[in-house]
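These protein sequence lines map, in sequence, to chains A and B.
At the far end of the first sequence sits residue 246, using the numbering used here, and the numbering has no gaps.
At the far end of the second sequence sits residue 213, using the numbering used here, and the numbering has no gaps.
Simulated from the structure, these hints should not be mistaken for lab results.
Certain hints may be false.
What the hints assert, rightly or not - Stretches of chain B that chain A covers, calculated by requiring three or more beta carbons in the stretch to come under 8 angstroms of a beta carbon on chain A:
#1 14-21
#2 36-48
#3 61-70
#4 165-173
As the list claims (entries may be wrong) - Listed next, the in silico DSBU-like pairs over lysine-lysine satisfying Cα-Cα at most 30 angstroms (straight line):
#5 B/K18 x A/K242
#6 A/K231 x A/K199
#7 B/K160 x B/K18
#8 B/K18 x A/K225
#9 A/K199 x B/K206
#10 A/K220 x A/K242
#11 B/K75 x A/K231
#12 B/K18 x A/K220
To be verified - Some chain B residues near chain A, calculated using beta-carbon distances under 10 angstroms:
#13 E8
#14 R10
#15 K75
#16 A80
#17 C83
#18 I92
#19 W148
#20 T181
#21 A182
In this text, a Cβ means the ideal position worked out from N, Cα and C, and glycines have one as well.
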Amino acid sequence: MSAKSVDYANIAFDLIDEFDRSFRPEQVVGCMSTALGRFGFSSFLVVDVPEITSNARPVFLLNGWPPAWAEHYQGHNYYKDDPVAARCRRSVDPFEWSEATYDAEKCPRAAEVMDAGRQFGLHDGFVVPIDRHTGTMSGVTMAGDRPDFEPRAKRAMHLIGLYAHAKAMSLIGREDISRPASDLTEGEREVLTWTAVGKSSWEISVILNMSEAGVVWRLKQAMSKLGANNKTQAVVNAIVAKQISI
Amino acid sequence: MLHVVTPENRHLYSSEIKDQHKIRHDVYVEERRWVGLQSRDGLEFDQFDTDDTVYFLAIEHGRVVGGSRMNPTLKPHLLATICPELAEIKGIPRSPDIYEWTRMYAVKDRRDGGRFGSGVIGEIFSGCLEYAYDEAISALSLQFEAWWLPRLQQHGWEIKPLGLPSLINGEWWLGALIPITAEMVRSTRAFYRISDPVLVRNGITKPLIRAAA
């Protein structure tokens with residue numbers, strides 16, 4: 001494993017961590033562009049790739065594309081002839097742009113799409129297709145002048161693509177899942193009740209024949225559910241909420 | 001309902017366990033054609049079906065229709081023994097409160113349309129996570145085909161990769177750790193629109209993670 005190979009894995013993992021700390025689209029586009037720059041990519045796009053119908057257009061989910069290229073692409077309606085988009089709709093495995101082959105006779109415009117991209121500095125690229133359970137495919141495409149397609153680099157790009165799509169979806173806002181207030185589990189109630197009568201975590205672990213870490217864990221979860229900052233408050237809140245009685 | 005089968009109550013489920021290994025043969029050997037599996041008399045076992053394994057059996061009208069299993073990471077398990085390259089970057093998680101979760105399957109007629117569908121897989125996922133939460137398992141270690149990642153994230157899981165995607169028998173796989181929280185159990189149940197209890201614990205009296213001797 002060369003030092004350079006280790007870098008690619010670290011770039012991917014560091015970027016995934018950075019996603020967790022980023023909450024605005026500009027932040028995410030920024031750190032993604034910086035990270036991908038180290039692979040030789042100048043731009044990227046997270047996009048929906050719907051099936052071809054008369055007015056099918058790709059839906060930009062997170063836009064790191066050169067604005068002039070995006071405008072040119074949409075304006076010329078390249079989507080229906082784009083061989084990269086075509087392959088992305090049919091594949092779950094990542095691929096290089098050069099692997100999105102086409103029959104030049106049957107699809108003459110495909111070559112025009114790829115040539116136009118080159119005019120905007122997008123000579124070579126890599127795509128991570130994303131299968132959404134809705135039935136529509138998405139993709140994360142990244143392109144530049146001369147990206148590094150060494151195998152380990154591609155695996156790192158693959159991982160980045162998968163997490164970038166998730167980040168894009170969370171920025172857009174997923175459907176809110178309703179959160180009913182939750183009752184304590186029996187285990188949580190048990191440890192809280194013993195806590196209420198003054199037993200330590202260790203003593204409770206012996207009484208209930210479970211690991212001490214398990215006792216501490218259940219106490220933590222109970223505190224979280226009861227909105228308490230410490231064990232004492234948790235006991236009080238639980239009694240008030242009639243979750244335990246002593 | 002999803003029945004929890006631990007070493008403590010396994011004697012209550014001998015025939016269902018046998019059914020499980022027959023179904024595993026159908027799914028993993030015949031259908032998915034996994035490489036390196038051994039079946040005897042049409043029953044598929046591997047070295048990670050041990051005395052410590054916790055099984056989950058989805059049983060409907062007395063028939064096993066799906067299932068899954070968990071193994072302690074302090075003992076030999078799939079990630080550590082067969083595909084450690086999946087944990088190349090973060091290392092193999094080994095802790096008394098981390099279990100490996102593998103072999104989630106459903107019989108053909110209970111897959112309910114779509115690759116994930118609803119019905120029994122939802123019950124298996126929700127039930128297993130609820131069990132993990134109840135037993136104070138802090139995280140589950142699992143491996144899956146990389147293209148499943150977006151869908152698993154839609155369940156509301158935090159999925160922490162352990163390494164880069166690796167090519168295994170022509171497919172890209174990922175190893176990951178998923179922290180267990182009340183929130184992710186809730187969001188998984190909501191994802192599958194499950195509002196009723198799912199788990200059955202017949203004859204289980206002891207917690208999974210016991211005090212160290």
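Now for the hints, and whether the structure bears them out:
1. 14-21: violated (count 0)
2. 36-48: violated (count 0)
3. 61-70: Since three or more residues must qualify, the claim that chain A covers the stretch 61-70 of chain B is violated, with 0 doing so at under 8 angstroms.
4. 165-173: holds (count 3)
5. B/K18 x A/K242: With Cα atoms ~44 angstroms apart, B/K18 and A/K242 exceed 30 angstroms; violated.
6. A/K231 x A/K199: 11 angstroms, holds
7. B/K160 x B/K18: Since the Cα atoms of B/K160 and B/K18 sit roughly 34 angstroms apart, the hinted pair is violated (cutoff 30 angstroms).
8. B/K18 x A/K225: 40 angstroms, violated
9. A/K199 x B/K206: 20 angstroms, holds
10. A/K220 x A/K242: 19 angstroms, holds
11. B/K75 x A/K231: 34 angstroms, violated
12. B/K18 x A/K220: 39 angstroms, violated
13. E8: With a minimum Cβ separation of about 12 angstroms from chain A (threshold 10 angstroms), the hint on B/E8 is violated.
14. R10: 19 angstroms, violated
15. K75: 16 angstroms, violated
16. A80: 20 angstroms, violated
17. C83: 14 angstroms, violated
18. I92: Result: violated, 16 angstroms to nearest chain A Cβ.
19. W148: 8 angstroms, holds
20. T181: 8 angstroms, holds
21. A182: Cβ of B/A182 sits 6 angstroms from chain A, so the hint holds.
Consistency note: the structure conflicts with the earlier hints numbered 1, 2, 3, 5, 7, 8, 11, 12, 13, 14, 15, 16, 17, 18.
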